[in-house]
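> Below, each chain spelled out in residue letters.
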Amino acid sequence: MHCCRICETVCSIHHEKVCNPTRARIQIIKWDMSGVYIPMVCHQCESPVCETVCPMGAIYRDEKTGAVLINYDLCVGCKLCVTHCPFGGVVIDKDSKVKKCDLCDGDPLCVKNCEPQAIQYLEASSINFLKRKVSAEKFSELMKKLL
Amino acid sequence: MTTCKIELIFHAFFREITKTRKILEEISDDCTINNILTQLVNRYGNEFDIIDPSTGKISNENVILLNGKSIRETNIKVKDKDVLIFSLPFGGG
Amino acid sequence: MVLNRKIAYINLSSGKITQKVISKSMRALYLGGRGINMHNLYHHIPPKADPIGPDNALLIGTGLLTGIPALGAGRCDIAAKSPLTGAVGDSNIGGFFAIELRLAGFDHLVITGKAEKPSYLWVNDGDIEIRDASNLWGLDTFDTQKQILSDNSDELIKSLVIGEAGEKLVRYANVRTGMKNAAGRTGMGCVMGSKNLKAIATRGTLDIEFMYPDQLLDYCSEMNTMITSTRWARAQSKWGTLIIYSNTNTTGLIRTRNLQLNLLEDGEDLEPEVMDRYSFGMSGCFGCSVHCRHRYILKDGPHAHFGEGPEYTSLGAFGTMVGCNKMDTVLAGNHLVNKYGIDTLEIGGIMAWVMELYEKKLLPEKMTHGLKLEWGKVEVLLELIKRISKREGVLGDMLADGFLPSIAKIGKESEYYAMQIKGMSNLHSDERPTPSLALGIATSTRGADHLRSRPALDLYGLPEEVLKEIYGHSVSSEYTSYEGKSRMIWWQENLYAITDSIGTCKFQTVFCAVNAPKFEEFSKLIYLTTGLEFSKSPLMEIGERIITTERMFNNREGFTRKDDKLPERFYKEPTPIGLPIVKGKTLDKNKINTLIEEYYEIHGWDNNGIPTEETIKKLGIETKHSNRS
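Residue numbers (my numbering), protein chains in the order written: chain A, 6 to 152; chain B, 10 to 102; chain C, 49 to 677.
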């Protein structure tokens, strides 16, 4: 992680047409004095809690991108989605509207603009492979020590 | 043909590839920078392919210092006890 | 609109605070950041004001482009009359403060007067308050920031703070934010201390509206790709500025043991690769895609700590200059100065100087209270840093005042060994083999300094046609040559005046990389951000206006050509070691004088370094001293 707030800034410029990192849908939680930064954003859950709790049925999945989206024609702004999401994935904006990551129509700008590739957007299959590869590398190191 | 001994020092990405700070090299006395670069490409790969094809000179993204002087031409002959540093453009503080 | 940001005038003596919109005509003349600060420096400080008196003005400025997601556009410029030199005081700081200030509705602060008791400024969404800081006084720069967060129960606050050095009025105390960012040079922390101002804390949530947001976003991506595709940036992302050491300590362009040597022969432990032992990742400032600083842990020993950095500057300050060859020592020194809030470069220069005086028996023994100022000892270094930062003992108190007052106390003979210009220490680069770099530090408006005009490109032997295209004039490819170097300095100086005014990072322009954004790209960024149109030559002219305004301030305070003077040692002692092209070099005084004259002429200044009436008129610089708010 690097923390230059470029992801937050491009998110606010793209969605709100202004620079205001506090209005971004992605936010980096920082512990400045110990050098730890964790990005927090909607996980696009398989069974989204926000969708389950929404009394208006305003939350749905976009078939093309897989993003969990809000239908503002149905949304009444009750904020149950905000209180129930375990990750803070839905945020309340200035105008009291609830907002969340929409994956920028399948090509997330935060990822595109993250030069150090601290945030990546990958196919599920490649994530599986990468995780297995990392584990296999650890095994391989261990085997070398044993032999 | 006589031979001469030169010192090659590697910084930054060049050190990552060669995994060493410095090597002593024995070369023939009619050897040019170009010959040395070819040998290094053969030994270590394309990280040492630093000639800009459009100008035939060492590219502006790399710095080769011959006894401390930055050079761009590759037909310069190398002499005994020369020091060649492979680096990148950083300086100034 | 982005241009609706305000300037606030804060008088700490009376408590009066007024706000004004920054006029478009001011933007057209000076852009923002350093530019507008320099205008205010000239107009809001009465001539011959005491730098640590209430009349001095502390000027804070965000850049015109602060907030765009590119080129490290989160830099803040801090200015005042320097308590170290009496000339222009001006220092630039990265991190996340500038963007927060702009989000809070302000681009510029003009702070005058002196608070009755320790205070801090609270800037939040259009409001400014002067608050009590008695619980912060005495805290180091890390704890001050933590305390402000907890006092306000808000973890997103960003603060500019001073440490103990600023409170004790050490003349080169700095202003700090975050783990390592510092406005290091010219003693801006001392000015804050003199005003009883411990911190400026800000939190903002107001939208910054850009003129053409979608196009700007695309162009910012293009700029970031442009910079990160350079080999320079890729190396910088991995090793930080420490990588400079690789070149300088192999060739012999690095000051060692003050100026006794120009290379540290057993200095392998200071090489950038050594940071692998300590680093657990890199970190960057706002809007930066390069990320040039390590986050590191020094695990063992009495100086164990978590920190960020160190910069190449600290490698000199606690390494080569003081004859030390251990990275552990550099990290310990770096962390300690960050805690106290004192300029790493200045203290390194001062310590190297007294160590040489001690060795040459030119330092009266009674001054040191038994401290043996020997080269390369970590305990000596840390003790000396502590004494200076807290003004402890005769030596600490004297050195805390900087070079010139210390020379007066120690004696005339010590002056020759002081590597300073206008009373300010120079970076640990050895300029004897490089006339262009020497001209830059001699003429810099804020005293010996490499960040005003350093033409790092000169060191790479670039083809002359490439140099001609950049500088618009023929310049020799040899860094040992004097040919065309005045033009080079003039051009770089204008470029850096612009980056400091738009608030982008100096490294992300033509500093180290040829193919980096410069005037043309800045024009487009300014247009897409603000709608203001400047092509290349008006931007160059703004650069000239800023530098000429700084010159006029210095002239008014008594600085002229006589002060654009290199240490005599550069002319007398040849470099003792290094590779053939570097070894045995001194500078030629006549040729340097010619360069200085050429440089004045290009700027339209007279032979004494004073801007002519014609130049002042051409640049449209207001000379009448306006009434203070």
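You may find that some hints are simply not true.
[As the list claims (entries may be wrong)] No farther apart than 25 Å at their CA atoms in a straight line, the calculated lysine-lysine pairs in the DSS-like style are these: (1) Lys516(C) with Lys22(A); (2) Lys143(A) with Lys28(B); (3) Lys425(C) with Lys408(C); (4) Lys286(C) with Lys28(B); (5) Lys425(C) with Lys414(C); (6) Lys35(A) with Lys286(C); (7) Lys117(A) with Lys286(C); (8) Lys566(C) with Lys117(A); (9) Lys78(B) with Lys516(C); (10) Lys88(B) with Lys620(C); (11) Lys35(A) with Lys347(C); (12) Lys150(A) with Lys78(B); (13) Lys460(C) with Lys14(B); (14) Lys78(B) with Lys14(B); (15) Lys78(B) with Lys66(B); (16) Lys66(B) with Lys31(B); (17) Lys28(B) with Lys374(C); (18) Lys572(C) with Lys72(C); (19) Lys78(B) with Lys194(C); (20) Lys572(C) with Lys117(A); (21) Lys35(A) with Lys194(C); (22) Lys31(B) with Lys374(C); (23) Lys409(C) with Lys434(C); (24) Lys28(B) with Lys149(A); (25) Lys90(B) with Lys631(C); (26) Lys631(C) with Lys31(B); (27) Lys99(A) with Lys54(C); (28) Lys434(C) with Lys66(B); (29) Lys572(C) with Lys22(A); (30) Lys457(C) with Lys78(B); (31) Lys286(C) with Lys31(B); (32) Lys54(C) with Lys425(C); (33) Lys78(B) with Lys637(C); (34) Lys72(C) with Lys78(B); (35) Lys631(C) with Lys86(B); (36) Lys162(C) with Lys22(A).
Read the hints as simulated data drawn from the structure, not as lab findings.
The structure displayed is predicted, hence computed values, not measured ones.
> Could you work out which of the previously given hints the structure breaks and list their numbers from low to high?
Of the numbered hints, 1, 10, 12, 13, 19, 28, 30, 32, 34, 36 do not hold.
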